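So the protein sequences, as listed, match chains A and B. Counting in our numbering, the first sequence runs from 72 upward without gaps. Counting in our numbering, the second sequence runs from 72 upward without gaps.
Just so you know, the hints here were simulated from the structure itself, not pulled from any lab data. Wrong hints could be hidden among the right ones.
As the list makes no split between identical chains, a pair holds if one copy fits it or if it spans any two.
Claimed, not checked - Each computed DSSO-like pair below joins lysine-lysine, with the alpha-carbon atoms no more than 30 Å apart:
| # | residue 1 | residue 2 |
| --- | --- | --- |
| 1 | LYS247 | LYS319 |
| 2 | LYS319 | LYS259 |
| 3 | LYS247 | LYS104 |
| 4 | LYS214 | LYS287 |
For clarity, every value in this text was computed on a predicted model and none was experimentally measured.
2 protein chains.
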Amino acid sequence: MLAHRFVPGKSRLARLDPADTGPFSGRDDPRVKRRLERAIETMVELQQRLVGEARHRLLIVLQAMDTGGKDGVIRRVIGPLDSRGCRVESFKAPNDDERSRDYLWRVHQRVPKSGEIVVFNRSHYEDVLVARVLGLAPPAAWKRRFEHIAAFEQMLHDEGTTLVKIFLHISKDEQKERLEARLRDPAKRWKFDEADLEMRARWSDFQAAYEDVLQKTSRPDAPWFVVPADRKWFRDLAVAELIAGTMKRLDPRYPEPRLDLTRVRVR
Amino acid sequence: MLAHRFVPGKSRLARLDPADTGPFSGRDDPRVKRRLERAIETMVELQQRLVGEARHRLLIVLQAMDTGGKDGVIRRVIGPLDSRGCRVESFKAPNDDERSRDYLWRVHQRVPKSGEIVVFNRSHYEDVLVARVLGLAPPAAWKRRFEHIAAFEQMLHDEGTTLVKIFLHISKDEQKERLEARLRDPAKRWKFDEADLEMRARWSDFQAAYEDVLQKTSRPDAPWFVVPADRKWFRDLAVAELIAGTMKRLDPRYPEPRLDLTRVRVR
Chain A
72 MLAHRFVPGK SRLARLDPAD TGPFSGRDDP RVKRRLERAI ETMVELQQRL
122 VGEARHRLLI VLQAMDTGGK DGVIRRVIGP LDSRGCRVES FKAPNDDERS
172 RDYLWRVHQR VPKSGEIVVF NRSHYEDVLV ARVLGLAPPA AWKRRFEHIA
222 AFEQMLHDEG TTLVKIFLHI SKDEQKERLE ARLRDPAKRW KFDEADLEMR
272 ARWSDFQAAY EDVLQKTSRP DAPWFVVPAD RKWFRDLAVA ELIAGTMKRL
322 DPRYPEPRLD LTRVRVR
Chain B
72 MLAHRFVPGK SRLARLDPAD TGPFSGRDDP RVKRRLERAI ETMVELQQRL
122 VGEARHRLLI VLQAMDTGGK DGVIRRVIGP LDSRGCRVES FKAPNDDERS
172 RDYLWRVHQR VPKSGEIVVF NRSHYEDVLV ARVLGLAPPA AWKRRFEHIA
222 AFEQMLHDEG TTLVKIFLHI SKDEQKERLE ARLRDPAKRW KFDEADLEMR
272 ARWSDFQAAY EDVLQKTSRP DAPWFVVPAD RKWFRDLAVA ELIAGTMKRL
322 DPRYPEPRLD LTRVRVR
C-alpha cells in the first residue's frame, strides 16, 4: 500500500517524508498512469454494487494543511464516482445555528446512509486542530474531545459504517510554492486568503497537533492513513488505491432479484 | 426531592414503589396544588431567562411503559412553557431514512440548541429496550449501545447540555386499569393499540431491561430519576419540581443590555 497506515506508538508523522514516491522514480513511470486508471475503474465498478446492495456506508475523512490537495483529490479521485451515491461535505467555520449545538451535531447529520460514500472535506478534527492551535477552545475542552471523537467513530463503526481517515502530508516548502503559485495564477488567485498565512505561521504547532490527533485517534476500527502529498500524482494514486482496496474488502454484491427474471417478458 | 435520583449499585428499580406519594396523604392535601403551581411558575419564569441568555441547553428524556403518563406530563407540566424555546420530540419506530443510518443519528439532530428546552418523548433508550426485549438487535449489538449512549450523553454534557432523564414508574396493575379505561372511553379508544398488549405480556422482561438501563446509564453528568407514577397528581408534581430545581441550578440570567438604556428615548 502506498499510503501509510498510522499505528499509534509506532508511527510518527515527523518521520514520514511528504516527498515520498514509493517504488516510482517519477510521474512518467508507466505504471503510475496504469495503476491510477485501474484503481478508479475498480472504485466506479464497486460503487455500483455498493449502491445496489444498499448495506455498507463508507465515510472518508480528508484532512490537510492549506494547499495540501484536498480539492485536487476530490476532483480527480472522487469525481469519477456516480454522484447519486456519493456526497462531498465541506466543513467551514460553523455558522450561528451550528455553534449553538455541540461540535459533532453538524457532522453527525451528514454521515453516509446505507449504500452511500461520503467524503468529509475537513471534519470534526478541526475542533481539535484549529480550535487548539488558535486557542478557540480551552485545553480542558479540546482534550475531552479526543474521547468524544473516538467514541463517536466507534459507534459509527459498530452500527455499520466503514471509516477511512486520510491526512494529506505536505512539507512547509511545498506549501510555500503552492501559495506563491496561487498569488501568480489569475485562475487561482481567488483561493488566496490572508488567513492562510496566519495558519502557515503556526506550521509547527499544527504539525504537533496533527501528530497528537494521529496518535490518539488512529484505531483499528477508524484508522488514519498518512499520504505523502508533495507529489500530486503520487498522492492521487495512493488515495485511489486506498479507497479501491477498502471497497474491495467490503465486497459489495448486487442483491438477488426478487422475481424469477427468466419468466419476465418485456412487451 | 420527590423523584428518586437513581444511584447505580445502590438504587434498585424493583424496590421502588410506583404508588409512593411521599409526604402526602392524597391528592386533596392542600400542599399538592400549591407546590405544583409554584413549580410551574418557577419553570415559566426561568425559561424566559433561559431563552434570553441563550447559553444553557436542557434535554429532558422521558421514558415509561405504555400508559405510564408521558403524554400527561407533557401536557400538564411542559405545556405551560413558551413554545418558542421549547420543543417536544417524539420517537416512534424509525422510518426508512432513519433506519439507513445509526440509531443515534435522528436523536442527535434534535438535541436542544442554546437557550432551548427539548423533551424527548421516548428516545435512544428504546434502542436498548424494545430492541432488546423484542430481539430486534442481536445481544452483541445492543450491549455495545450502552457504551455509545454513555459517551454520546457525556459529549453533550461536556459541550454544554444539561441532561435530566426521567422514568415514569407505574405498576402492572395500574397499567391494566389504564388500558381498560382506554377501551371503555370513546375519547381514548383511538390510543389503544394491540401491540400494547404484546408489550404488556413482556412486562417483566421490560422491567429487567429498564433496571439494566438505570444501572448502566445513570451517571453524575446524565442522571436518571425514577418518578413513582401510579398517582398522576404525584407524578406531575414530582416531575415539575425536578425540572424547576434543575433550572434553578442553571441560574439563567438576562443578558446585560449592550446600550446604556437610560439614554434611549422612544419617540
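Indicate which option fits the pair LYS319, LYS259 if close means a Cα-Cα distance not exceeding 30 Å: within, between, both or neither.
-> Intra 36 Å, inter 55 Å, cutoff 30 Å: neither.
Given identical chains, is LYS247 near LYS104, meaning Cα to Cα at most 30 Å, within a copy, between copies, both, or neither?
-> within (27 Å within a copy, 73 Å between copies)
Alpha-carbon proximity between LYS247 and LYS319, which holds within one copy, between copies, both or neither at 30 Å = So LYS247 and LYS319 fail the 30 Å test inside a copy (37 Å) and across (55 Å) alike.
Can you tell me if LYS214 and LYS287 fall within 30 Å by alpha carbon in one copy, between copies, both or neither?
-> both (10 Å within a copy, 25 Å between copies)
Of the numbered hints stated above, those contradicted by the structure are hints 1, 2, listed in ascending order.
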